[in-house]
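In order, the protein sequence lines correspond to chains A and B. Residue numbers for the first sequence follow my numbering, beginning at 2 and rising by one. Residue numbers for the second sequence follow my numbering, beginning at 2 and rising by one.
Calculated from the structure, these hints are not laboratory results. It should be emphasised that the depicted structure is a prediction, and the values quoted were computed from it without experimental measurement. Yeah, the Cβ is synthetic: ideal placement off N, Cα and C, and Gly gets one too. Misleading hints may appear alongside valid ones.
[Claimed, not checked] Examples of chain A residues toward chain B, derived with CB under 10 angstroms:
id : residue
1  : P147
2  : L151
3  : E155
4  : R161
5  : S168
6  : S190
7  : I198
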Amino acid sequence: MKKSSVWLGVFSALAILLAVAQAKVLINAAGATFPYPIYGKWFEEFARKNGDVQINYQSIGSGGGIRQFSEGTVDFGASDMPMTDEQIGKFKNKPLHFPTVLGGIVPTYNIPGVTQELKFTPEALVGIYLGKIKKWNDPELTKANPGVRLPDNEIVVVHRSEGSGTSFVFTDYLSKVSPEWKSKVGVNSAVSWPCGIGGKGNEGVTGVVKQTPNSIGYVELIYALQNKMAYGWVRNSSGTYLKADLDSVTEAAASVANTMPADFRVTITNPPGKKAYPIATFTWLLIPSKVEDAGKQKAITAFLHWMLADGQKFAAPLGYAPLPKDVVAKEEKQITLIK
Amino acid sequence: MATTAASSAPPSGGAQVWLKRLRSGDEVARLITLVFASIILVLTVGLVYQLWATSSMPRHKFGFTFLTSSLWNPVTGQFGALPFIYGTVVTSAIALLIAVPLGVGAAIFLSELAPPRISSLFTFFIELLAAVPSVIYGLLAIFTLVPLMRDYVEPFLKKTLGVVPVFGGAIYGFGYLTAAVILAVMTLPFIISISREALLEVPTEQREAALALGATRWESTWQAVVPYARLGIFGSIFLALARALGETMAVTMVIGNDPSIHASLFAPGYTIAAVIANEFAEASGDLHVQSLVELGLVLFLLTIMINALARLLIIATTRRGSAQS
Numbered sequence: 002m003k004k005s006s007v008w009l010g011v012f013s014a015l016a017i018l019l020a021v022a023q024a025k026v027l028i029n030a031a032g033a034t035f036p037y038p039i040y041g042k043w044f045e046e047f048a049r050k051n052g053d054v055q056i057n058y059q060s061i062g063s064g065g066g067i068r069q070f071s072e073g074t075v076d077f078g079a080s081d082m083p084m085t086d087e088q089i090g091k092f093k094n095k096p097l098h099f100p101t102v103l104g105g106i107v108p109t110y111n112i113p114g115v116t117q118e119l120k121f122t123p124e125a126l127v128g129i130y131l132g133k134i135k136k137w138n139d140p141e142l143t144k145a146n147p148g149v150r151l152p153d154n155e156i157v158v159v160h161r162s163e164g165s166g167t168s169f170v171f172t173d174y175l176s177k178v179s180p181e182w183k184s185k186v187g188v189n190s191a192v193s194w195p196c197g198i199g200g201k202g203n204e205g206v207t208g209v210v211k212q213t214p215n216s217i218g219y220v221e222l223i224y225a226l227q228n229k230m231a232y233g234w235v236r237n238s239s240g241t242y243l244k245a246d247l248d249s250v251t252e253a254a255a256s257v258a259n260t261m262p263a264d265f266r267v268t269i270t271n272p273p274g275k276k277a278y279p280i281a282t283f284t285w286l287l288i289p290s291k292v293e294d295a296g297k298q299k300a301i302t303a304f305l306h307w308m309l310a311d312g313q314k315f316a317a318p319l320g321y322a323p324l325p326k327d328v329v330a331k332e333e334k335q336i337t338l339i340k
Numbered sequence: 002m003a004t005t006a007a008s009s010a011p012p013s014g015g016a017q018v019w020l021k022r023l024r025s026g027d028e029v030a031r032l033i034t035l036v037f038a039s040i041i042l043v044l045t046v047g048l049v050y051q052l053w054a055t056s057s058m059p060r061h062k063f064g065f066t067f068l069t070s071s072l073w074n075p076v077t078g079q080f081g082a083l084p085f086i087y088g089t090v091v092t093s094a095i096a097l098l099i100a101v102p103l104g105v106g107a108a109i110f111l112s113e114l115a116p117p118r119i120s121s122l123f124t125f126f127i128e129l130l131a132a133v134p135s136v137i138y139g140l141l142a143i144f145t146l147v148p149l150m151r152d153y154v155e156p157f158l159k160k161t162l163g164v165v166p167v168f169g170g171a172i173y174g175f176g177y178l179t180a181a182v183i184l185a186v187m188t189l190p191f192i193i194s195i196s197r198e199a200l201l202e203v204p205t206e207q208r209e210a211a212l213a214l215g216a217t218r219w220e221s222t223w224q225a226v227v228p229y230a231r232l233g234i235f236g237s238i239f240l241a242l243a244r245a246l247g248e249t250m251a252v253t254m255v256i257g258n259d260p261s262i263h264a265s266l267f268a269p270g271y272t273i274a275a276v277i278a279n280e281f282a283e284a285s286g287d288l289h290v291q292s293l294v295e296l297g298l299v300l301f302l303l304t305i306m307i308n309a310l311a312r313l314l315i316i317a318t319t320r321r322g323s324a325q326s
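With the rest of the complex left out, here is chain A:
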């Protein structure tokens, strides 16, 4: 009698455990590192509101995210660059891109003796990264910065050494403003840089710039803000010099919202808006258009609705630019495509 009651206890405990496990929807995702802080916050907040859903996110990088998503080892992916036609072609059901927040990329520099904030024309950035503008007192730079005593020193160019979404956006921008860059170097997460030193990660680029007099690098706006780094103004397509901030980055997306392709696969560098910062980007969630598991399908769509509404409020305090209203409305429509 005693023995059987023990077994009964064990079985009922197992049954309860199983029931709990079944009720909980576990979703695995992987991808970009840039939005990891806000995704972490979102998934935590969402799980608090919906106790039965748990989203586990691995920030392994955009390329890794696309690869794992393509191989089906995660339920959805995340990337700082849109998938290519070739990558999408490998899917039976076309995956969907959902922009989540926006980020900007800023030029940061270290010139001893210069305390003013520098202004950069697109031509200056292209020239420096092509290795054609070699000195800080080049006319292209002094013209844009009247009143700043730029030294007669060689510019030490710093770029990202590893493949990264940040480099993708930066090279995408340089390609849009310079046909020469487009034909000589091109757009990619990793390119063959014509000159300069490679630093690993935002922190690597920052380290090299801080350690090297007369250097210039590029980092994500959020990283520059958190580390209180000096960064320059960039002239946009309408001729206005802008310093990257949350408003000017959101404006970059707003100014292309109407001309955007329906699948959101678009880079928003060098946008037409007067108040738009020119080196900005979406970061995307990559969602399958067909989710086999009904529970997961419900959870993912619920999360997307929440992310586009309440979730956007978490963006600004963490340093991410929220989506413009027009883009949110378009994305709401796209959610219905998830079957």
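Given the structure of chain A, go ahead and fit chain B onto it with the hints provided.
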């Protein structure tokens, strides 16, 4: 199983003797340890096979030009390994050039000349250094070594030896030489620690005999003790070399990560391990990934070649030398 049994047993009455050995446990122990040892072989072969199999695309597309091309452009899909091979070999060679005299010298002092108490204190610190993670060395290098090299060492070399192209060109602080110096610092503990062990293994009679023949302390050390411990010292150097060839984190933080070949040691370069660490996670397209895998294969072959050369060196010097009993 059958073959091992046959080979281990003597030809006359083989099976019975083998059974006896099996009962007494010797044969069991032999077989078990044989399995353990063969794991190394299986791992090595498996590793090479895997690297070979997953690098078929660039092998077919580039063939041997992969080894001779210095073009590395993920955008156009052109991949060549030469700048990385060059960077790996150059940084490791300079690192050893710095670390071997220092390390062997320190080991001689610690084992032969220093009082035991000081020797064990130093050994403690050396083991501490060997346990420091390489990313810490890398950070230290960025914040202290790079400015030091940029502001003092490299300008000095340029001023004194600048006529040689190796010590010419622009100075950034990030480059081959800085990477080599940090590699030397990182491999030093291995050389000291293992060389010291090897020197301590030398029988006291060896020293006494030399001293009895009228040798000074230094002559006995240099002519009787060091040659005797030669194998151990070589072993420490090869271990250090292997570490230098494969070191990733610290190197990628200071070498500048520029995939081209420069004559100047001050210029930024790249190593095989560094480019794999940098680009693998975010590689664009299969050809890029597989080219990185092929670089791994190249590094493996490079290590094998250098190890083989090292063995030849040992054989050559052992035949020539006479101190080895």
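Going through the hints against the structure:
no. : hint : in the structure
1   : P147 : violated, 29 angstroms
2   : L151 : violated, 19 angstroms
3   : E155 : holds, 7 angstroms
4   : R161 : holds, 9 angstroms
5   : S168 : holds, 9 angstroms
6   : S190 : holds, 5 angstroms
7   : I198 : holds, 4 angstroms
The structure fails hints 1 and 2 (numbered hints given earlier, in ascending order).
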